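Just need the whole structure built from these sequences, with the hints factored in.
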Amino acid sequence: MSNPYLELNNVQKSFGLKPVLRGVDLTLNAGERMALLGANGAGKTTLLRILAGLIRPGGGRVTIGGLDLREQAREVQRRVGFVAHQPYLYDDLTALENLLFFARMYALEQPRQRAEALLQRVGLGKRSRERAGSLSRGQLQRLALARALLHTPDLLLLDEPETGLDQEGLALLAELLHEHQARGGTLLFTTHDLESAPGRCDHVALLSRGRVAYQQEATSLEREDMLRVYQEVAR
Amino acid sequence: MSLLNQTWTILWKDIRCELRSKQMWAGMGLFALLVLVIFNFAFDLRVDNQAAVAPGALWVAFVFASFLGLGRTIAAEREHGSFDRLLLCPVDRKAIYLAKLLGNVLFIGVVEIVALPVFAMLFNVPFAAAGLIPIVILGTLGIASVGTLFSAMAATTRARELLLPILVFPLIVPIVIASVRATGSLMIVTTNEPPWLGLIAAFDAIFLSLSTVLFEHVIEE
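Protein chains in written order, with the working numbering: chain R, 449 to 683; chain P, 65 to 285.
These are computed hints drawn from the structure, not numbers from a lab. It should be emphasised that the depicted structure is a prediction, and the values quoted were computed from it without experimental measurement. Hints are supplied without guarantee of correctness; some may be wrong.
[Said to hold, decoys possible] Examples of chain P residues toward chain R, derived with CB under 10 Å: (1) Lys77; (2) Phe147; (3) Asp148; (4) Glu284.
Note that beta-carbon positions come from the ideal geometry of N, C-alpha and C, so glycine has one too.
Laid out in structure tokens, this is it:
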């Protein structure tokens with residue numbers, strides 16, 4: 449762990465009286481990929497929403513690229529791209545207008561060129577003038593990926609990114625993530641696919657009841673061990 | 065990116081979305097016109113009671129029509145993922161408030177532009193437009209500044225349509241009273257009237273400053 453890009457120390461979060469994260473500790477080096485596993489309600493989405501700057505942690509410390517999330521939230525957000533369950537797009541704007549809007553919000557140079565290039569890259573070039581509200585679930589997911597990659601983030605947070613994607617979409621997702629990593633980008637994604645997750649990442653972490661119950665490098669991972677722990681903690 | 069640029073970008077997006085959906089303007093405009101027509105038929109308007117009734121009818125129409133729009137701007141943002149779409153971006157939260165406020169002022173303003181000539185015609189009120197414009201602008205700004213803040217708070221609740229008027233009405237009472245009296249003073253020359261326009265401006269300044277500061281805390285948790 450020589451060059452940690454993402455560090456979480458004792459991160460906690462409660463909604464009302466209900467604790468969701470009870471002290472999460474994680475470290476991820478620059479350029480590495482981590483799969484975050486866990487049963488429904490384990491706190492995966494809450495953790496990603498904290499890292500994306502959408503909600504504040506109740507306690508603990510998060511640093512991203514050496515920046516404290518609590519103190520330098522806006523600066524951190526410039527470095528983070530987030531694909532959530534919701535596409536975070538505006539139904540009444542076209543695909544191009546959506547990307548143009550977010551490009552301007554990130555104060556990108558030449559926003560139109562960047563938006564058009566990304567629409568081509570995710571296979572929506574011909575649908576750039578269609579409203580987001582008229583796109584299919586899979587097309588919206590592609591557009592959401594384009595939105596998240598628009599500002600070339602260092603850290604990409606993906607919450608079950610395969611949702612709604614067909615085979616071609618899944619191949620595109622793999623390509624985009626490969627390109628992100630080739631640029632030196634760091635990746636943290638959640639998934640319920642226990643079988644394929646270790647093959648798509650460098651580290652696997654298992655979240656259970658708001659804590660990291662299991663963490664292992666993917667290369668040294670004993671799949672049976674992970675499945676056994678998952679079965680135990682998911683109960 | 066400056067606060068002004070961020071505000072304009074969000075406002076541009078809101079205007080474009082509203083022009084496409086047409087959900088807000090149409091409802092607000094129809095409601096305002098309906099109120100004016102009903103008041104016109106409900107009261108026996110003579111020259112001696114015109115100044116007492118007409119300003120009240122005008123501001124009832126404006127205030128109630130405003131509430132339709134105030135609830136809508138923030139609720140539209142809350143659909144499909146709450147404020148997350150905007151909060152995800154590295155923008156000053158003040159820019160979000162100012163854009164929503166300007167959007168509300170613009171949407172209410174358009175309704176007022178449509179409703180004012182109808183009001184003048186129905187109530188046979190020949191008052192000078194130049195005098196009414198600052199009253200309407202400042203009154204609308206006051207209602208929108210409080211309304212934008214509280215609609216963000218109410219939008220997280222299930223009973224937002226009920227909660228918004230309950231929260232906002234008590235706060236905007238001074239603005240509404242001052243606006244009604246200032247409008248009335250345009251119709252009948254009165255002496256020893258307080259400086260209503262100055263009062264509205266003072267309330268606007270207070271509400272605008274407080275709302276701009278508080279908005280960040282309201283939308284982030």
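So, phenylalanine 147 of chain P near chain R? Judge it on the closest CB pair being under 10 Å. holds, 9 Å
Minimum Cβ distance from glutamate 284 of chain P to chain R below 10 Å? Glutamate 284 of chain P check passes; min Cβ-Cβ to chain R is 7 Å, inside 10 Å.
Hint lysine 77 of chain P vs chain R: min CB-CB distance below 10 Å? Lysine 77 of chain P check passes; min Cβ-Cβ to chain R is 5 Å, inside 10 Å.
Restraint outcome when aspartate 148 of chain P is required to lie within 10 Å of chain R by C-beta distance: holds, 5 Å
The structure shown violates none of the earlier numbered hints.
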